[in-house]
Each structure stands twice: as C-alpha cells, then as structure tokens.
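2 protein chains.
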Amino acid sequence: MAYQQQISTWLQEHRKNGIQLLQKLVQEPSKRYQEEGAQAIVVEKCRELGLAIDLWEIGDETLRSHHHFYCDRHNFQGNPNLVAVKKGRGGGKSLILNGHIDVVPEGDHARWDDDPYSGVLRENKVYGRGTTDMKGGNVALLLAIEAITALDIPLKGDLIFQSVIEEESGGAGTLAAILRGYKADGAIIPEPTNLKLFPVQQGSMWFRLIVKGKSAHGGTRYEGESSIDLMTNVLHEIKKLENERNQQWKQHPLYQKIPIPIPINIGKMESGNWPSSVPETAIVEGRFGIAPTETMEEAKSSLETMIERLNQTDSWFRTKPIEIEWFGARWLPGSMDLEHALLKTVADAFKNVQGVEPIIEASPWGTDGGYLSTVGNIPTLVFGPGETKLAHDTNEYIEVDKMMAAAEIIALTILDWCEVAENV
Amino acid sequence: MAYQQQISTWLQEHRKNGIQLLQKLVQEPSKRYQEEGAQAIVVEKCRELGLAIDLWEIGDETLRSHHHFYCDRHNFQGNPNLVAVKKGRGGGKSLILNGHIDVVPEGDHARWDDDPYSGVLRENKVYGRGTTDMKGGNVALLLAIEAITALDIPLKGDLIFQSVIEEESGGAGTLAAILRGYKADGAIIPEPTNLKLFPVQQGSMWFRLIVKGKSAHGGTRYEGESSIDLMTNVLHEIKKLENERNQQWKQHPLYQKIPIPIPINIGKMESGNWPSSVPETAIVEGRFGIAPTETMEEAKSSLETMIERLNQTDSWFRTKPIEIEWFGARWLPGSMDLEHALLKTVADAFKNVQGVEPIIEASPWGTDGGYLSTVGNIPTLVFGPGETKLAHDTNEYIEVDKMMAAAEIIALTILDWCEVAENV
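For the record, the sequence lines run as chains A and B. Note that full-length UniProt numbering has the first sequence beginning at 1, numbered continuously upward. Note that full-length UniProt numbering has the second sequence beginning at 1, numbered continuously upward.
Pulled out of the complex, with its shape left as it was, chain A reads as follows (with noise of 0.2 Å):
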C-alpha cells in the first residue's frame, strides 16, 4: 500500500505526542461519575482534528426504557458521551472506532507503586489507572485518526469515533450512541487483547443464589441442616450444567484451545454467622458467561430450570427452594461471522505492519462490542493494545510500542476499509 511507509513515518515521528496524550488521559481519573476531565481532552483532541462534534449527556427516555438497558447510574449529569465524525466523501464502507473513556477505581493506593494518576513513563511503558483498559487503545485510535488527516489521505466511507461512558458498569453510553443512531458497516474497539483479534465475545450476567437450611445448636448438628451442605450440592450441580453448556462450544474453531468456553464462575460465598451454630442461610454471587450467540433469555433460562428442577426433585428444596435473582450489571455476548472482510482486512493490516500473522481467539469477557454486535447489529472486532491481565489491577500500564502498533493497523484498516478517495 502507497500510504503504509508515510503512516508508519508519521507515527514514529509522532510517537512522543501520543505519549503526551495517554499521560494527560491518565492523569484525570476518569471514574463513574467522573469522566467530564479525561472527556475535555479527548473533545478537544477531536476539534483539533476537524472533526464533527456530537456531545451529549445520555439517559433519556428512550434508553432508560431499553430492554437491554441494565445500568444503576441515577445522573449522567456533566459527564457527556461523546461521537466525532469524519464525513467520508461516498461510495466506501463507514466504520466506528469505540473506546470508553471511564475506568474503574484505583483501590488501594498503598499498592501502586506510583501514584496511580501518574501517567509516569519508564522503560516505554506508561502507567497509570487506565492505561490499559483503555486509554492506550483511545489514543491508538486518535493517533490512526490524525496520521490520515495531516497525510491529507481522503475517505471514502465515513470515520466514526466514539468516547463513551459506562463501559465497566455495563455499557449504557454505547447502547446511547446506537440509540442515538450511529451505524456502520463495521466497528472496531481497541480493549486490551495484546493485539490479538476478537471478533467473538463471551457476554455475562451476574447472578446470586439464596439457600436456606435449617438452623441448630453445633453439638446437635444432626437437628439442623447446614445451608453449607445443600449449596454444595448446588454448586455440584452448576458444575454439571457448565460442563453441558460448554460442550457444542468446545467444537467451535475458535474455542478448541479453551478449556471452558462460557464458564460459570462462583466468585463469592457467604454462609452462617457463628461457629456453633449450623448455618441457616448461604449466599454465593457469580458471573454467568453467556455464549456469542446466545440471547440473555436463553442463557438465564439455562440456569433457572436447572434451579427449578433442583427445587422440585429435590426433598429439601421442595420446602425451602433455591431463590435466584439476577443483579448488577450485564454484559452482552457478540460475534461475527469468521468469514467477514472485517476481520480479513484487520487481519491483513497486522500483518502488514507485524509481519506475521495475527492471533485470532475468542474474547473471555464482553465489551461494548456486545451492544455493536447485538442491538446495533454491526458486525465488531475486538482488537487493541494492552493486556487483561493489567486491567482492573494495580500498577496497570501499557506498552507505548504496542499502543504505536495498534495506531499503525488500525490506520490502514481505515484506508482499506473506507477506502482511499481519489485527491481532487
């Protein structure tokens, strides 16, 4: 490709302006309720680069009554989600390009090695609270964004670039933007998957079970009924129900290194409240993974008759059923077709700039892309610098070769995608 050698000039020559960038996002702690600072940045990079700005803040009616709507925020109040446009010049494909700008919190700050607002830089690494989940990936996209506008590069099809909200509590500023009427032919976000290509998701839900046994005197157990023991035996029983949902997926191209395709994680467990004492209620809370192409419904159905079947065989829990309730935020699965020029115009992008072939997996967690894919119906790849594994965890950094790289591929995907006008 002409443009590649000119991208690849720019962007080295440039590289100490993305660092500048990342370091300013990191350094406004973009937490729920708290993106207006981190968003200013971003809205100002997006003037800068003549884009089109859309600014708004999200949660009127129309979302709030969405039926895939699960977000617990009561005001959205000065912290706008926003979209910016480069208006294509016609006849190529248009493409979204989505990162959220909110983070989660920092915890403990004794265990950060550095402030973790730092945005230090040390050994090409820049890190900081979000520089992973994911900055790093936003400003790849700005940096693609801008390399193409200073080239002078004309598109075709148009550039849609969205900063949203609410990402880590479930994902109402994408499903906002789609409401709002954002479409594409394609759509890719820059989460953190060390540059390997997701163009499947796994989407969750969390859920919590409620047993009730029978409490007694610890020195006559054998009156009581530990509510230990039954959840056990329930936890048994999501065993066997995991391992039944994961059969078919475990054939998936995809899926076949993965020893669980759509776990059942039982993240907490709370029973009882003496030692002496049999203990009367259990509570565990876990994250339900839900296969790409399955619908929520579906998959809380799954569990719920296996629920109900356990409170109707079952000689205790006939009496005292099992009570499940779904709570918290949710996150829905996505897919595409493998087969989809998206992927193989990424995918001859990396290998372009990397020289090798990229790693194709299946995403273990959801992303927006779930909203793209399944309300928007727009076919999205996951793909970006930064890798799970620093996400959510102290001294969370990024790598700034990687984040380069990402900018790199993301550009001439963006030229392939959209396609090059001619420069009349």
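These are calculated hints, taken from the structure and not from any lab test. A portion of the hints provided could be inaccurate.
You can't tell identical chains apart in this list, so a pair holds if it fits in one copy or across any two.
[Unchecked claim] Straight-line C-alpha distance at most 27 Å; calculated DSSO-like pairs for lysine-lysine: (1) K300 - K212; (2) K268 - K214; (3) K268 - K344; (4) K239 - K389; (5) K214 - K389; (6) K250 - K183; (7) K268 - K320; (8) K212 - K240; (9) K214 - K196; (10) K212 - K239; (11) K344 - K183; (12) K250 - K214; (13) K239 - K214; (14) K320 - K239; (15) K389 - K320; (16) K239 - K268; (17) K257 - K214; (18) K240 - K268.
Owing to the predicted nature of the structure, the values given are computational and were not obtained by experimental measurement.
With chain A fixed as given, assemble chain B onto it according to the hints.
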C-alpha cells in the same frame, strides 16, 4: 423418706417466693461485665439462709496462668464470684451446687414479645433472658437449700453453693472457684436439661481454617484456582474425620441414639468478594466437638494431623498449605462413671418426686461441669429445669412447675447424699 412430704409441702407453700426471686434476678441483666446486680441479690439470699459467704473478684495470677484458662476478659472488677457454704456436722458426703449468673446478650429487642428483662409471669411461665439459662436453675438450688434450712433438717456433709460468672464465655468463674480450693464429693449443675440427667458431656473448641487459591477473571476461571472448590474438598475430608472420630462413641450406652455423638460443626464460611473473579481466599469457622474422655490436646491433634496430611499429600496444598487456628472460648468435656453413686442418688430422688424413671442422656454441649470434673476431679451431674432450645433465643422462658420439681429433686438429693444428722 420421712422428710419428703415436708419438703414438698414447704415448696408448694413457697412457690410464689421462688417466682419472685427469679423475677428479681431476671430483671437484673447480668450480661458479661454487668453481673454485679444479680449477684448482689444472690448474696442477700445466701446471707438470709445463714450461709458462709465467700465473695471475691477473680483474675489473680494463679487463674490467669492456668493452662485451661481460655478467657479474653480484661477486667473482673466489681463483678465478683460467689461461693456460699452450709457447713455440715461431719461424716456425710459434700456436694457442690453450681450455677452461673451470667446471661448471653438479648439480641434484637424487636424480636421479643416482652421486654427481654421483664420477668413477666404468664400461664405458669416466667419470661426473660436468663430464665432458662440458668437463673431458673439457680433459684431451684436456693429453694432446695432454703427448704432444708427452714425445716431445720441438719446435714452431715457440707453443701457448697456457687454462683459463678463467665460460664457463657468459657468458664473462668468455676475454674477460679476450683483453684480457690472448693472441692466436694460430687457436684450438680442445674443447666437446662429439661429434667434429664446428663452424666457425660461433650466439650468443644473453635477453629478457623484458611485456604488460599488463585484469583483470575471469571471469564477465564480455568486460569485460577477457586478457594471455594478447594475448601469444599477440605470440608469433605472433615466429614470423613468426623465419621472416624464418632465410631467408638456410637457404642457408648448414652450415645446409641445420637447420630453424631461428637460433631464437627462448620458454622461459618466466607470466600471471595466479586462475582466475576475466582475467589482467592476461603475461611471457615467451626466448633470441634470433644469426646467426654478426650483431652483438649488429643482433640486438637486429631484435626491438625488430618490438615497436615492434606498439606503434605495434596499437590495444591503442598505449595499453599491450609492454615489452622484455634480461637475463642473453649469448653472442656466431662464425664462421670455411669455407676457412680451420685447418678443413682439423683435418679432415685427423681423417681420419688416424678414417679417415673429419669431419662439419662449425654449432653451435646459443654458446661462448667467440664472444669469441675476434669480440673476439679469432682464427679459432676448436669440436671436442671429449662430447655436447651430456649436458651440464647428470644422469648426465653422457664416453666415454674419444672423449676419447683427440680428444687424438690435437688433437696431430696441433698438429704440422701449429704445425709441427715441426728437432730440433737
């Protein structure tokens, strides 16, 4: 027995006095650190009965350095222990009558029908915290002594009445009385056995197990190691240990109808803190039942040996060993020979008063009888009015009829055991 009718008549005539004494005692909430008020009422009664009063604050170095002192109380000031002796004329056997004055907290007032310390009398029941556990039993002891005193029946053996603190927190009050030198040929503790005779009693210790897994994202849970799963395996091993430990005790005459003579109760479990994460740490707390003739050291070693075996043989626990801690209060086990004369004496008195054979059972919980029999080497029988299931619960009450029956049976026991002197 010539005196039986006199005692029975005296008790019938003084039923109201017994109720009033119980009400006064219940109206003093003698929770830990607040035993003074109720103890003062007992002291006054003992003076009235002409007993030799020994009232002292426990907590000296002899007590604190005793290897069976398991108390976490920092201050005993103002809340004394009481021993009150009715000296015999010589020649008979001595008897300790031991009751504790402390009560457990009343919990949520809203769950009580009356004020928890009302002492209200309704349908021949007195209500309030401590009625069953064990102020009703204490009143039965005092009524028995008062009947004998009022009827001017001279005894050969000494009668040693004890009103101790700290039973609910492990028994430091009774241990202090033993170390102060109070011994006897037998002891009776009127804890709530519902008039059954408990010649052997289970002891108990609290333990905590900590298991470490490996955290991971729930979407790739196979990369972690769930501490809930690991703990489930440990709990399975504990069930096997419990089964082994109980084989021999199931043969014991008093345990043949008890499914688990010395249970290991898991009362509490906590693991994990996030639905979408593999839980890294699991903690259980439980009550380890100690066989009537087992030492605390033997019991500890039994669990520790099993844990040690897992830590050496299990591939996971070899690198992250299960931790075990013993914490909180402990109750020594206790037992008396089933052929012992004291058991026969109380059984005879029971039959004389109730007209039927008593039920003789093993106690599923510990009492201060553990200290009396194990440290004091005093054959101790637990026998009293009130019901276990009401103890520590809301709306605790005692049936006045049972309290009066216990008083009569104990009075006859005293006459038989200590022997009546010739009234010269």
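Each hint tested on the structure:
no. : hint        : in the structure
1   : K300 - K212 : within (22 Å within a copy, 31 Å between copies)
2   : K268 - K214 : both (21 Å within a copy, 14 Å between copies)
3   : K268 - K344 : neither (41 Å within a copy, 54 Å between copies)
4   : K239 - K389 : within (25 Å within a copy, 38 Å between copies)
5   : K214 - K389 : between (41 Å within a copy, 13 Å between copies)
6   : K250 - K183 : neither (32 Å within a copy, 74 Å between copies)
7   : K268 - K320 : both (22 Å within a copy, 20 Å between copies)
8   : K212 - K240 : both (22 Å within a copy, 24 Å between copies)
9   : K214 - K196 : between (51 Å within a copy, 25 Å between copies)
10  : K212 - K239 : both (20 Å within a copy, 21 Å between copies)
11  : K344 - K183 : within (20 Å within a copy, 91 Å between copies)
12  : K250 - K214 : between (40 Å within a copy, 24 Å between copies)
13  : K239 - K214 : both (25 Å within a copy, 18 Å between copies)
14  : K320 - K239 : both (22 Å within a copy, 24 Å between copies)
15  : K389 - K320 : between (41 Å within a copy, 22 Å between copies)
16  : K239 - K268 : both (15 Å within a copy, 23 Å between copies)
17  : K257 - K214 : between (44 Å within a copy, 21 Å between copies)
18  : K240 - K268 : both (19 Å within a copy, 26 Å between copies)
The structure fails hints 3, 6 (numbered hints given earlier, in ascending order).
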